[in-house]
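J.: Respectively, the protein sequence lines represent chains A and B.
Under numbering that gives the first Met the number 0, the first residue of the first sequence carries the number 0, and numbering increases by one thereafter.
Under numbering that gives the first Met the number 0, the first residue of the second sequence carries the number 0, and numbering increases by one thereafter.
Treat the hints as calculated values from the structure; they're not laboratory data.
Here the structure is a predicted model, which is why all the values come from computation and not from measurement.
Cβ coordinates follow ideal geometry from the N, Cα and C atoms, glycine included.
Mixed in with the good hints, there may be bad ones.
[What the hints assert, rightly or not] Quick list of the computed label-pair ranges, beta carbon to beta carbon:
(1) Y88(A) / T158(B): 27 to 37 Å
(2) N149(B) / F14(A): 21 to 31 Å
(3) A24(A) / E256(B): 19 to 29 Å
(4) G176(B) / A24(A): 19 to 29 Å
(5) L259(B) / Y88(A): 52 to 62 Å
(6) I77(A) / N149(B): 36 to 46 Å
(7) I77(A) / H397(B): 55 to 65 Å
(8) G40(A) / A63(B): 26 to 36 Å
(9) G53(A) / G30(B): 31 to 41 Å
(10) A284(B) / A24(A): 39 to 49 Å
(11) T66(A) / G140(B): 46 to 56 Å
(12) D86(A) / A63(B): 38 to 48 Å
[Said to hold, decoys possible] Examples of chain B residues toward chain A, derived with CB under 10 Å:
(13) F14
(14) A18
(15) I41
(16) Q42
(17) D43
(18) I46
(19) M49
(20) K50
(21) P53
(22) I105
(23) S138
(24) V139
(25) E141
(26) A274
(27) A305
(28) W313
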Amino acid sequence: MPNYMLLLHEQPSDFSQYSAEDMQAVIAEYVAWRHSIESQGKFVHAEKLKDEGGKHLSMTDAGLRVTDGPYAEAAEVIGGYFAISADSYDDAVKLAAECPHLKYGGRIELREIEPTG
Amino acid sequence: MEQTSEINNFVGHLFRHHAGKMAAVLVRHFGVANIDTIEDAIQDAMITAMKRWPFSGTPDNPTAWLTQVAKNAVIDKLRREQKTVTIDDLEFAQEITPASHFEGEIDDDQLRLIFACCHSSISPDSQVALTLKIVCGFSVGEIARAFLSNESSVTKLITRAKGRLRSGEIAFEIPAGNELAERMTPVLKVLYLMFNEGYAPTAGSEIVRRDLCSEALRLAEHLAQDAKTTMPQVHALAALFCFHAARFPARVGSHGELLLLADQDRSRWSQELIASGLKHMTASARGNELSNYHLEAEIASVHAVAASLDETDWRRIVECYELLQSRSYSPIAELNKVIAIGQIENSEQTLDRLDQLEADGKLSNYFLFHAARAHYLADLDRIDAALDSYQRALSLSHNETTRRLIANKIGELKGDRNEHTI
Numbered sequence: 000m001p002n003y004m005l006l007l008h009e010q011p012s013d014f015s016q017y018s019a020e021d022m023q024a025v026i027a028e029y030v031a032w033r034h035s036i037e038s039q040g041k042f043v044h045a046e047k048l049k050d051e052g053g054k055h056l057s058m059t060d061a062g063l064r065v066t067d068g069p070y071a072e073a074a075e076v077i078g079g080y081f082a083i084s085a086d087s088y089d090d091a092v093k094l095a096a097e098c099p100h101l102k103y104g105g106r107i108e109l110r111e112i113e114p115t116g
Numbered sequence: 000m001e002q003t004s005e006i007n008n009f010v011g012h013l014f015r016h017h018a019g020k021m022a023a024v025l026v027r028h029f030g031v032a033n034i035d036t037i038e039d040a041i042q043d044a045m046i047t048a049m050k051r052w053p054f055s056g057t058p059d060n061p062t063a064w065l066t067q068v069a070k071n072a073v074i075d076k077l078r079r080e081q082k083t084v085t086i087d088d089l090e091f092a093q094e095i096t097p098a099s100h101f102e103g104e105i106d107d108d109q110l111r112l113i114f115a116c117c118h119s120s121i122s123p124d125s126q127v128a129l130t131l132k133i134v135c136g137f138s139v140g141e142i143a144r145a146f147l148s149n150e151s152s153v154t155k156l157i158t159r160a161k162g163r164l165r166s167g168e169i170a171f172e173i174p175a176g177n178e179l180a181e182r183m184t185p186v187l188k189v190l191y192l193m194f195n196e197g198y199a200p201t202a203g204s205e206i207v208r209r210d211l212c213s214e215a216l217r218l219a220e221h222l223a224q225d226a227k228t229t230m231p232q233v234h235a236l237a238a239l240f241c242f243h244a245a246r247f248p249a250r251v252g253s254h255g256e257l258l259l260l261a262d263q264d265r266s267r268w269s270q271e272l273i274a275s276g277l278k279h280m281t282a283s284a285r286g287n288e289l290s291n292y293h294l295e296a297e298i299a300s301v302h303a304v305a306a307s308l309d310e311t312d313w314r315r316i317v318e319c320y321e322l323l324q325s326r327s328y329s330p331i332a333e334l335n336k337v338i339a340i341g342q343i344e345n346s347e348q349t350l351d352r353l354d355q356l357e358a359d360g361k362l363s364n365y366f367l368f369h370a371a372r373a374h375y376l377a378d379l380d381r382i383d384a385a386l387d388s389y390q391r392a393l394s395l396s397h398n399e400t401t402r403r404l405i406a407n408k409i410g411e412l413k414g415d416r417n418e419h420t421i
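Based on the sequences and whatever the hints tell you, model everything.
T.: Right, dumping it as structure tokens:
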């Protein structure tokens, strides 16, 4: 089965007004989604990217330019990623569509991973 | 499906419960005066969990994880403010790792924290709001609902109260002597409100937030057992909780619907909790003190020991309501009294009493009043009027499960009427 990468784009939000119950509910949804992927044997890997810090690198005429990101240019950042295996793009879309990230206003970029070796 | 509900149970209400437990542990280590830093750190730890756990999965010991993260955040903040921090990391790590003796210590810390929140320098309304916020992990919105207030008033109450905690004049201890009795009143009121919000949530879809009730019951039991805090009215409150909690298994039908007292299968009531309630009742009778909790517990006990609705000692219940009303009048208790009298009198008489009660206008926005009225109207075959009242009740109820119950009643009545016309 090919592997797919789900890049979770999100807008940085302020959660300071979230109640304990609200946060509990968010986690429960993600855990349930992840569990359903795991139970189909399609979970590969997931990682959260740190919110703070982040750099943008580019080469200019004056040489290497390093700016602080990730918020410098985009209103949106990648919060983290999930790698899953799926039968096909259709199947991968089906699995990604269930991700609570979409419900909370985030965007998912879905890409097939080129097999190495 | 089963797995999903398993997960939901696993994470359960951990955050709210553990927000309270974390607060107790952290206040013991860092002091009452640092309450703002501690609360922010708890909120940040929960936000971190919310952002990280979807990717990393839930840690094996979520409480320990959260407490550790919150502790580090407190230390960082205090260091940035150039305050000296000394904390034995090893000791702390052992403390937040579940061990048999630990839960008891947290119970003690939570009681100390409740007493700090109920200090006499804090106004009564603020005491309750503050305790629900810090000890019970309620959000401002949830407190506003429990209080029938709005969020900005609750925020004001809490901000003012936290100023007192920050002053550093409030100790983290269970008071003694005369002070204890005085400070017990708000402590018990807080537990009462907690249980109430769990028993009949004002909004949302859950009928019984059992965990909130069991949390209130647990703290009441703890106060009742502790040699320093055991008092007749503490036992009365614990008894009241036990009797109500005993009915939980019978309150929800097979389709998740709310069942009224008349429709409950009494064999499903927890005899263990009823026995525990009766034990607390006995203990509450020591001394000459009579509190509202004594009377409410007695009403609940009459229900708990009755074999059926018809075999209930309604006269005793009416007497208790009258005593309650003579101590402090409440239109809602008056409504309950009229409904109890309705079990003795006929529907016509009860309807008259309800109409008299409506005259003072205090209950015109209370859904249960209209639901009760609808019940007696339907009993007298005044179907259209009954439907009107049920519609009114429906428009005033914000709890999903209660709304479903009322909608079912409306459906049944319409069905009956159609049968008659055919």
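J.: Which earlier hints can't be squared with this structure?
T.: Numbers 1, 4, 7, 11, 22, 26, 27 and 28 - these are the hints that the structure violates, sorted from lowest upward.
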